[in-house]
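All chains should be modelled from the sequences, with the hints used to inform the complete structure.
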Amino acid sequence: MMRSMFAGVSGLRNHQIRMDVIGNNIANVNTVGYKTSRVTFQDALSQTLKGATAPQNNRGGINPQQVGLGVMLSSIDVLHTAGNLQTTGVNTDLALQGNGFFIVGDGSQNYYTRAGNFSMDTSGRLAYSNGLQLQGWGVRSDGSLDTTLKGITLPINSTIAPRATTELNYNVIFDASLNGTLSYAPMTVGTAPNTAEMTIKLTPTGVTNQWGYEVITDGTIIGNGTGTITLNSDGTVNTITGGGNFQITPPSGGPNINITVPLSGGPNTFSDGTVSITGDFNAPSFMSNVEVFDSLGTSHKLTTTFTKVDNTTWTWVTTEDGVSPVGTGTLVFDTQGNLTSSTGGPITFTPPGAEQVQITPNFLESKQYDGESSVAWSQNGYKMGYLDSFKIDSAGKIIGVFTNGLTKDIAQVAVATFANPGGLEKMGETMFQVSSNSGEAQINPSGVGGSGKITPGTLEMSNVDLSQEFTDMIVTQRGFQANSRIITTSDEMLQELVNLKR
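Quick note on this note's numbering: the sequence shown kicks off at 1 and runs consecutively.
Check before you lean on any hint, since a few could be wrong.
Unchecked claim - Calculated cross-link-like contacts (lysine-lysine; reagent style DSBU-like; alpha-carbon spacing at most 30 Å):
hint : residue 1 : residue 2
1    : 426       : 397
2    : 408       : 150
3    : 408       : 383
4    : 383       : 397
5    : 426       : 150
6    : 453       : 408
7    : 408       : 397
8    : 391       : 453
9    : 391       : 408
10   : 408       : 301
11   : 367       : 301
12   : 397       : 453
13   : 391       : 150
14   : 150       : 453
Unchecked claim - Pairwise CB distance ranges (calculated):
hint : residue 1 : residue 2 : range
15   : 370       : 343       : 20 to 26 Å
16   : 121       : 43        : 50 to 56 Å
17   : 24        : 388       : 42 to 48 Å
18   : 298       : 346       : 17 to 23 Å
19   : 52        : 468       : 37 to 43 Å
20   : 340       : 240       : 28 to 34 Å
21   : 46        : 475       : 20 to 26 Å
22   : 365       : 121       : 45 to 51 Å
23   : 159       : 289       : 26 to 32 Å
24   : 475       : 6         : 21 to 27 Å
25   : 493       : 81        : 43 to 49 Å
26   : 150       : 6         : 53 to 59 Å
27   : 27        : 66        : 36 to 42 Å
28   : 63        : 30        : 50 to 56 Å
By construction, these hints were calculated from the structure, which means they are not laboratory data.
Cβ coordinates follow ideal geometry from the N, Cα and C atoms, glycine included.
Dropping the structure here:
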């Protein structure tokens, strides 16, 4: 009779433990990074009333006769399933998708957690909510990763030294259809009462630097008043076809005016008085402005003018801050528009108080096609920059963003994995520590060696399933009630036994 009571007591005791675990799970339903626990039972040692016997001759075997002595705990397991992710937008909030734990420590002891609600203190340390520092690796000055695991501290007052520009890469599309232009200032010629208007009409022929001309008066082309003019790239006349002597008859029957237009590179003189018409030839060109830097980080504006010399040749002239040329060169293209020759350079100038700037221009990606000219460029210089902010990528790299627009790796977050994460011991504050059954921590960057990927700006929520917990609560309550009935029923039976003697 006493066995049943003690069995009931063990049932009550162990169902109370299960209820304690369920209550703790529900209490932590909104705890960041919390991992739910479950309780499993096993029967206690049984008392053997009669042992088993083997079959003999014509008699069968007999099974053992045993009475159980109650229930006992089998295990309290931590379920390391992933919780849902909650987006926060805070750059120091981190979540792991997959296996692994963040490492936090005080320099003497490391702990492990799935809660990634970190923050930066006034010294630049990335710390857990209890002050323990997030562990990882620093980055050396040459950009390589320091292999010593230590607390991550951001260099909040760090700077990037300026760098003088040494390379300037151009990606230019040159318009193959461009031609030069001729321009004359309008004027009136004549002193007699009778006047006539003469117009010289210039039209590009489609051949580079070649123009067709027509001399017109009163809307009619004058005899011998047509031809072509071919110019050199410097604006001087190369060849002329057509006539150059024209006679204009003014209205009202006045005397004829004989005009000779020599069409030379110099002034054009009319015979009625001494009057000159001077025209200019403008070679096709376009400009590009580039910002470069000297050794002190001071910016300078380089203006490069590209001028078309002939069908396949362009020259370039670069000036610094709009003053004198600091570099010149020539570019030659083939009939497919590919660059075949690039001469000239470097671009050189000496700013006050700084080292001489010497820049090598690179036009290798440039082409000549029929289309609008365009210029894209890049250069390798920059001014000094202060650390302005930082971001963390999925590999756990902490990347500093500087005021000059540059970025630089500062540190990398470490992730620990275990052969048996269920063997870790809970330490409170959503932390675990290594036990004899968890195995040693295997420390790797995010996404390496089986560790999960880091998702910045998010937190992992608790993996507690309320529907499961409430169901377990009902089952546990009924189990507790049933075990209490064992005790009361056994008590009633004992009472009946006592009452046998009145």
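**Item:** Ascending list of hint numbers which this structure does not respect
**Value:** Every hint satisfied by this model.
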